[in-house]
Amino acid sequence: MIDQGRSVPGSGALRQTGRLFALAASVLWLSFRRPFQVRELIEQFWFIASVTILPSMLVSIPFGAVITLQVGSLTQQLGAESFTGAASVLAVVQQASPLIVALLIAGAGGSAICADIGARTIREEMDAMEVMGVSPIQRLIVPRVLGAAGVAVLLNGLVSVVGLLGGYFFFVYLQHGTPGSFVASFSALAQLPDLYVSEIKALIFGFIAAVVAAHRGLNPRPGPKGVGDAVNQSVIIAFLLLFFVNLVLTAIYLKIVPPKGS
Amino acid sequence: MGIEVVVEGLTKSFGSHVVWRDVSLSLPAGEVSVMLGPSGTGKTVFLKSLVGLVRPDHGRVMVDGIDTASCRERELYQARKLFGVMFQDGALFGSLNLFDNIAFPLREHTKLTESEIRRVVLEKMEMVGLAGESHKFPGEISGGMRKRAGLARALVLDPQIILCDEPDSGLDPVRTAYLSQLLIDLNAEIDATILIVTHDIQIARTVPDNIGMLFRGKLVMFGPREVLLTSDHPVITQFVNGRRIGPIGMSEEKDEATLASERASVTGDRSQGLPELIPQLVPTAGMPERMAVRRRTSRVLRMLHTLPAPAQEAIIASLPAAERERAAGPALPTAPPELPEPDEPQQDEGENEPGETLADRLLGRHRRGRPRGGGT
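Same order as they appear, the protein sequences are chains A and B.
Numbering follows our numbering, with no gaps: position 183 of the first sequence is 969.
Numbering follows our numbering, with no gaps: position 139 of the second sequence is 141.
Just chain A, same shape as in the assembly (with noise of 0.2 Å):
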């Protein structure tokens, strides 16, 4: 009773921070104990890839062209030109593939599961599910995390090697660019670290976008606007703890690993 009737600015904001930062702490808890929910696993990775593949893909071709022309008349003026290919990468695979696949996760994967999640909260699904004694974080949220997290791994993969072979084909085809030099620096800046990283961010940002979508999906306002306004939360959410999060991890990675050649 000491709190309450009273509140401060910005103690709401920071109750749902927490509140998020205990869902996602539950999600990894709760990933490790059993019964551990495989069907719905298969089912909601299947499902999290078919609405991501195509999207990414079609996003990622234009992104690796603009990359590659971008960097390809920058390098030409400065005379540089074998060097587009190694730029190319580093960007792609870095930067660019990992947001790529967050940002699908968190608008396309995401805005799905918020939707499904938000529905069955406000038709009282989870309280029913909770009653029967089945938790609803460890028999709905686990599999859908894990299933985001797994596919924006993979995910990411596709998107790297999609995005080069658009820029590749832009830089070839558009710049008349020597094909030879841009596969032989493909290695000259890059390194395999910086592909350990994409992968890593891929799996961090899929689990952020999952678990912002669970948690917004999990505590909407009533009635079916809620749920709309839910999902219109969970999307900006994700996107803005993204672009922070990817901000950190690449001052962290730039910090502990060396660039190539220095």
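Hints are supplied without guarantee of correctness; some may be wrong.
Listed next, the stretches of chain B that the computed footprint assigns to chain A, with coverage defined by at least 3 CB atoms under 8 Å from CB atoms of chain A [said to hold, decoys possible]:
(1) 47-57
(2) 92-103
(3) 107-116
If you're looking for bench data, these hints aren't it; they were derived computationally from the structure.
None of the values given here were measured: they were computed from a predicted structure.
Every residue, glycine too, gets a C-beta built ideally from N, C-alpha and C.
Use these hints to put chain B onto chain A, whose structure you have.
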């Protein structure tokens, strides 16, 4: 036999809005209770707080030795297996058909084979009158069917306590009557403690053994059905009669000024008394006898002297002839043989003395009260 649920000093608020404060009552084991209240008085919140879906700010809810208001998550999941909850709209899983919905608790919690699950599920569906509908999805059926399916799902794990959230909402009076009968039959069959949360006065008058009423964040009253149905408490008479005149307003509460002007303008209306007490539903023929009736009779007779006079009359009048005889004679003290009163230290003399005088007094009052009935 069902399990008693003891609620002590329960308080819940959302932000600065206090839903209800200091609610204390106990749902007697195996009996049917109803919690009444105008819309928006936190009846559903109360029901949810019993199963730990809503954590109250203060107070305890003791179920089988576990305090569901403050226990740990794991204990709570354990305690919840004693409950079957029927939600307002059934709360069925939209992605599963009725059979899978009702089988869900069995598949999650038991190691039954698929054929055993089939047997249990079909039996429960038969019980609530849904035989042959098992392949339908919740979106394809009517609200009443969803409610019954929700009830069937609440029943598959053989709960000791059944909670029903507004079983009448969105149902026509006939279907509501069927559902009421179903709940009474159910109580006769499995002897579970049942709590129904509703604002339907018809259910309140026919179904429960005990009635409570929530209003303005407080428990106005909780006790045997006769007590509330004969009460002259203004909130209760207004609610039971469905009148505009009284403390309950269109919004949450009326202010004093409105109430006073209302009182001044309508003076003749207040004479309208409570509707007549109608007998409680009995199980349909073929069902076993409700064990709760016998337990309740002895329990109520023991507390008879604490009840208001009209309620005492009504209780005596509701007893079967033989029981009334017994209540009248010196045999009354031995009427409750099973359970000695726990909070009465001087049992022996205390049992004889007040019992005898009490019965005499009551019967006298009863005769005077209803001259045409002529006693027994």
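Here's how the hints hold up against the structure:
1. 47-57: Check passed, 3 qualifying residues.
2. 92-103: Since 4 is at least three, the answer is holds.
3. 107-116: Answer holds; 3 residues pass the 8 Å Cβ test.
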